[in-house]
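Enquirer: In UniProt numbering, the protein residues as written are 1 to 314.
These aren't lab readings, by the way, just hints derived from the structure by calculation. Don't take every hint at face value.
Said to hold, decoys possible - In silico DSS-like cross-links for lysine-lysine, where the CA-CA straight-line distance does not exceed 30 Å: (1) Lys119 with Lys79; (2) Lys52 with Lys63; (3) Lys115 with Lys135; (4) Lys69 with Lys137; (5) Lys63 with Lys156; (6) Lys251 with Lys231; (7) Lys119 with Lys276; (8) Lys178 with Lys296; (9) Lys69 with Lys52; (10) Lys53 with Lys69; (11) Lys257 with Lys209; (12) Lys154 with Lys79; (13) Lys178 with Lys262; (14) Lys156 with Lys79; (15) Lys137 with Lys63; (16) Lys63 with Lys53; (17) Lys79 with Lys38; (18) Lys255 with Lys154.
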Amino acid sequence: MTITQLQYVLAVAEHKNFTLAAEKCFVTQPTLSMQIQKIEEELNILIFDRSKKPIQLTDIGQKIVNQAKNIVNEADRIKDIVEQQKGFIGGEFRLGIIPTIMPTLLPMFLNNFIKRYPKVKLLIEELNTEEIILKLKNGHLDAAIAATPLEDEKIKEIVLYFEPFVAYIPEHHASFQKEEIEVADLNLNEILLLQDGHCFRDGILNLCKNVSDADQNNFQIQSGSFETLIKLADEGLGTMLLPYLHTLDLKESDKLKLRNFKEPKPAREVSLIYPKSELKMQIIDALRSTIAGVVKGAIVFQNVQIISPLQKKA
Numbered sequence: 001m002t003i004t005q006l007q008y009v010l011a012v013a014e015h016k017n018f019t020l021a022a023e024k025c026f027v028t029q030p031t032l033s034m035q036i037q038k039i040e041e042e043l044n045i046l047i048f049d050r051s052k053k054p055i056q057l058t059d060i061g062q063k064i065v066n067q068a069k070n071i072v073n074e075a076d077r078i079k080d081i082v083e084q085q086k087g088f089i090g091g092e093f094r095l096g097i098i099p100t101i102m103p104t105l106l107p108m109f110l111n112n113f114i115k116r117y118p119k120v121k122l123l124i125e126e127l128n129t130e131e132i133i134l135k136l137k138n139g140h141l142d143a144a145i146a147a148t149p150l151e152d153e154k155i156k157e158i159v160l161y162f163e164p165f166v167a168y169i170p171e172h173h174a175s176f177q178k179e180e181i182e183v184a185d186l187n188l189n190e191i192l193l194l195q196d197g198h199c200f201r202d203g204i205l206n207l208c209k210n211v212s213d214a215d216q217n218n219f220q221i222q223s224g225s226f227e228t229l230i231k232l233a234d235e236g237l238g239t240m241l242l243p244y245l246h247t248l249d250l251k252e253s254d255k256l257k258l259r260n261f262k263e264p265k266p267a268r269e270v271s272l273i274y275p276k277s278e279l280k281m282q283i284i285d286a287l288r289s290t291i292a293g294v295v296k297g298a299i300v301f302q303n304v305q306i307i308s309p310l311q312k313k314a
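Modelling step: build the complete structure from the supplied sequences, incorporating the hints.
Expert: What follows is the structure in C-alpha cells.
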C-alpha cells in the first residue's frame, strides 16, 4: 500500500462519498475507487460498507482509518523535518480564526507577517471554534487562533494574550454613572448576545451564570455582529459586553459608554492552537512571534480572571 492510497481512504472516510472524495483529491472517481479496492484486496478485508448511504466504515475499516491518519501525519513530518533543517519558512499554511478575533487581530499582524515571511502562502478562514477543532483534527487546518482553554487532548495551545471583557452601557442605564462595574452589576436578561456558535457568547453566559437566570423577555434577538448589538443597545434594548480590542475602533461618542470591570477583570485567553502532530512548527513559531510583537503594546493586562469559552452543560 502507498501513502497516496491511504490519503484516498481518509478522504472517503471523511466525505462518505467516493465522487466527492475524488474531487477533493483531484483524481477521477474510478482511479480513487480502484486504489482503495487494491488495499482491500491486499488486506483481504472491506474498509467501507458500500451498501449503506452514505457510505460507512466497517469495524476493521475504522481501525485502519485511525492508523492511516498516524501514517500520513508521520509522512508529512518527514518533509517538515527536512524543511526545518534547511531553515525554510515557506509553503502553504492554513489558518483558522474565530469571528470575534478576526476583524481586530488580523489587520494588526497580517501585513507584518507577509513582509517578514514572503515565502509563506497564508490561507485564512473565519470559522467558529467547533469548526476549527474539527478541521484541525481532520488535517484541513495547520493552526488556528481561538479563545482557550479548550481542554482537548489532541490540540496544543500557545497563549498569545489575555483580552478583558468591556461593558457597553447606554446613557439611559443605571450603571452608566459608575466609573467601573462588577460582575454583580450584570443582568443576563439585559445583555444582548451573539448568536449560537460564538464562543464569546458562551464566555458571557459562563461569566453571568451565578448572577441571574434568564427570564423570557418580550423580544429575543441573537446577532453575529457586534455593530448590530451596539445599535440595539443605543435604542434602549439592553447592554452588551465587547472584547477589549474591539473597543479600540469605536467612535469617540461610543467610547464614552464603555465601562471597565474592577480587577481582576474577566477576560478571555487568546491562543494559537495546533494539532499535537506539531507539523510546520517553524511557521507556527513565526506567527507567534509576529503576533506577540504587535499586541504587546495594545494588550497589557495581567490581573485578569480567565472565563472559559466552553459551553457549560446544565
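Enquirer: Against this structure, judge whether each hint is valid.
Expert: Hint check:
Of the supplied pair hints, the one linking Lys119 and Lys79 holds, its CA atoms being roughly 16 Å apart against a limit of 30 Å. The suggested pairing of Lys52 with Lys63 holds, with an alpha-carbon distance near 19 Å, which does not exceed 30 Å. Pair hint Lys115 plus Lys135 holds up; C-alpha atoms about 27 Å apart against a cutoff of 30 Å. Only pairs whose Cα atoms come within 30 Å are accepted, and Lys69 paired with Lys137 is accepted, the gap being roughly 10 Å.
A threshold of 30 Å between alpha carbons decides the hint, and for Lys63 with Lys156 the separation of about 24 Å falls inside it, so the pair holds. A threshold of 30 Å between alpha carbons decides the hint, and for Lys251 with Lys231 the separation of about 12 Å falls inside it, so the pair holds. For the hint pairing Lys119 with Lys276, the CA-to-CA distance comes to about 24 Å; that is within 30 Å, so the pair holds. As the CA atoms of Lys178 and Lys296 are separated by approximately 29 Å, the hinted pair is consistent with the 30 Å bound.
Of the pairs offered as hints, the one joining Lys69 and Lys52 holds, with about 23 Å between alpha carbons and a cut-off of 30 Å not exceeded. With a C-alpha separation of about 24 Å, the suggested pair Lys53 and Lys69 falls inside the 30 Å cut-off, and the hint holds. For the proposed pair Lys257 and Lys209, the alpha carbon gap of about 24 Å is at most 30 Å, so the pair holds. For the suggested pair Lys154 and Lys79, the alpha carbons sit about 21 Å apart, so the restraint of at most 30 Å is met.
Annotation: proposed proximity of Lys178 to Lys262 holds, straight-line Cα distance about 11 Å (limit 30 Å). Straight-line distance between C-alpha atoms of Lys156 and Lys79 comes to about 21 Å, which keeps the hinted pair within the 30 Å bound. About 16 Å separates the Cα atoms of Lys137 and Lys63, which keeps this hinted pair within 30 Å; it holds. Straight-line distance between C-alpha atoms of Lys63 and Lys53 comes to about 20 Å, which keeps the hinted pair within the 30 Å bound.
Distance restraint check for Lys79 and Lys38: the Cα-Cα separation of roughly 26 Å lies within the 30 Å cut-off, and the hinted pair is therefore satisfied. A threshold of 30 Å between alpha carbons decides the hint, and for Lys255 with Lys154 the separation of about 40 Å lies outside it, so the pair is violated.
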